[in-house]
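Visitor: Quick note on the numbering used here: the sequence shown kicks off at 157 and runs consecutively.
If you are wondering where the hints come from, they were derived from the structure by calculation, not from laboratory data. Possibly wrong hints are sitting among the right ones.
Said to hold, decoys possible - Derived DMTMM-like pairs (lysine to aspartate or glutamate); straight-line CA-CA distance at most 20 Å:
#	residue 1	residue 2
1	Lys200	Glu360
2	Lys298	Glu364
3	Lys176	Glu187
4	Lys298	Asp268
5	Lys203	Glu340
6	Lys321	Glu341
7	Lys419	Glu435
8	Lys211	Glu360
9	Lys419	Asp191
10	Lys419	Glu360
11	Lys502	Asp484
12	Lys203	Asp357
13	Lys200	Asp173
14	Lys502	Asp518
15	Lys200	Glu364
16	Lys298	Glu511
17	Lys495	Glu511
18	Lys423	Asp268
19	Lys495	Asp268
20	Lys211	Asp236
21	Lys423	Glu438
22	Lys298	Glu213
To be verified - Label pairs and their computed distance ranges (CB to CB):
#	residue 1	residue 2	range
23	Lys505	Glu438	21 to 31 Å
24	Glu207	Thr175	37 to 47 Å
25	Ser171	Arg284	22 to 32 Å
26	Glu187	Asp216	46 to 56 Å
27	Met245	Glu436	21 to 31 Å
28	Val209	Pro281	18 to 28 Å
29	Gln179	Glu521	26 to 36 Å
30	Arg443	Arg302	49 to 59 Å
31	Arg514	Pro363	21 to 31 Å
32	Pro448	Arg302	41 to 51 Å
All C-beta atoms in this analysis are idealised placements derived from N, C-alpha and C, irrespective of residue type, glycine included.
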Amino acid sequence: MGMTWLAEAALDVSSLDATKWLQDVRPHVLEFFADGVYGRLPPKPAKLAFELVEKGEAFDGLAYRRQYVVHAADTRGGIDFSVLVYLPMGREKTSIPAFVYPNFCGNWTLVDDPQVLPYKGFQYPGGRQYGRGSRPDRVCLKEILRRGYAFATFCFNEVYPDDVKRDTAAESVWRIFDPADLPEEKLAHPAWTWGAMRVRDLLERLPEIAQDKVAIVGQSRMGKNAINTGVLDPRFALTCANCGGTKSLRHLPNLMYPQWFSKRLTKYVQTNQTGLSVEELERRAARFPRPPFDQSAYIACIAPRAMVISQATGDTFSRPEGSRALLDEADPVFRLFGKTIGWHLKEGKHSITHEDWRWFMDYAEKQLGW
157 MGMTWLAEAA
167 LDVSSLDATK
177 WLQDVRPHVL
187 EFFADGVYGR
197 LPPKPAKLAF
207 ELVEKGEAFD
217 GLAYRRQYVV
227 HAADTRGGID
237 FSVLVYLPMG
247 REKTSIPAFV
257 YPNFCGNWTL
267 VDDPQVLPYK
277 GFQYPGGRQY
287 GRGSRPDRVC
297 LKEILRRGYA
307 FATFCFNEVY
317 PDDVKRDTAA
327 ESVWRIFDPA
337 DLPEEKLAHP
347 AWTWGAMRVR
357 DLLERLPEIA
367 QDKVAIVGQS
377 RMGKNAINTG
387 VLDPRFALTC
397 ANCGGTKSLR
407 HLPNLMYPQW
417 FSKRLTKYVQ
427 TNQTGLSVEE
437 LERRAARFPR
447 PPFDQSAYIA
457 CIAPRAMVIS
467 QATGDTFSRP
477 EGSRALLDEA
487 DPVFRLFGKT
497 IGWHLKEGKH
507 SITHEDWRWF
517 MDYAEKQLGW
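My request is simple: use the sequences and hints to build the entire structure.
Guide: And the structure:
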């Protein structure tokens, strides 16, 4: 099966084996995406601490709740962000699989738990505030816990505020490091991935967690980021990209969100709108050269670990037909390792729903033995 994500020539998977992919192709894909798409990671901080600020039972004995503040510091100061963790009761210790989910609007918005602390000083970019338990449609938390999974969440805006109207790098994690130690471009996606990696550091310190059974989940822009995190941190055994992250680079609205993508990507695509048809996007992209690798090659870099994609029939932002095409291009690499990419298509619009979470859990149990 030919692959279309190399510009010079299609790559026939029959010419590769797992070793050649890992040694001869994957490093070039990683370098292209670090240098010209999502950007390079901030360093691991010189000082990193996890402060347990609250704990207790939740949901009438269904779970244990723990709330942490991550304290990270380096030569130019520090940054704090909050992490909410739920652990199901009744599971054997050291055997609990876990989902990590970066949320959009604050930990307290996901669930109507009166003990969840609003993070002091947090304000959603643009000034909008969201109430406690105002976004329960995004996570079926009690069902996740009943099925024996731990759940950890943090608001990615606490790590890098996602204000599309201005550059907020100076207010983000990037500010704590010596500029001499940093890449030229201080972008949002590597900062958000840095945050997810610090949450993974926290989970490593929890003896209840099965360290080989931790998944990263992301919706929309966080779908892109889940893939970025899954590629760059091998401690995540499963990457779940939901309605995002599975679009050709040629279809990205890169001028609309310059803090998300490297300026070098403008060599290949210059689009300041989203929701356009594939035909229109291809017409606009026709005057630009194709990038050396497409998003399908980056998805393939998750192998040999597991990857699942969930899409919606009415999603005009991350169109399912384009998503499926990239899956078909990336899947032969997974097959080199005896794996396949999971695929789920639901009715509805651009969203993450309880149906998606049920499918993530079903996949983890039936395909991975969690």
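Visitor: For which of the previously enumerated hints does the structure constitute a violation, in increasing order of number?
Guide: 5, 7, 10, 13, 15, 17, 18, 19, 25 and 27
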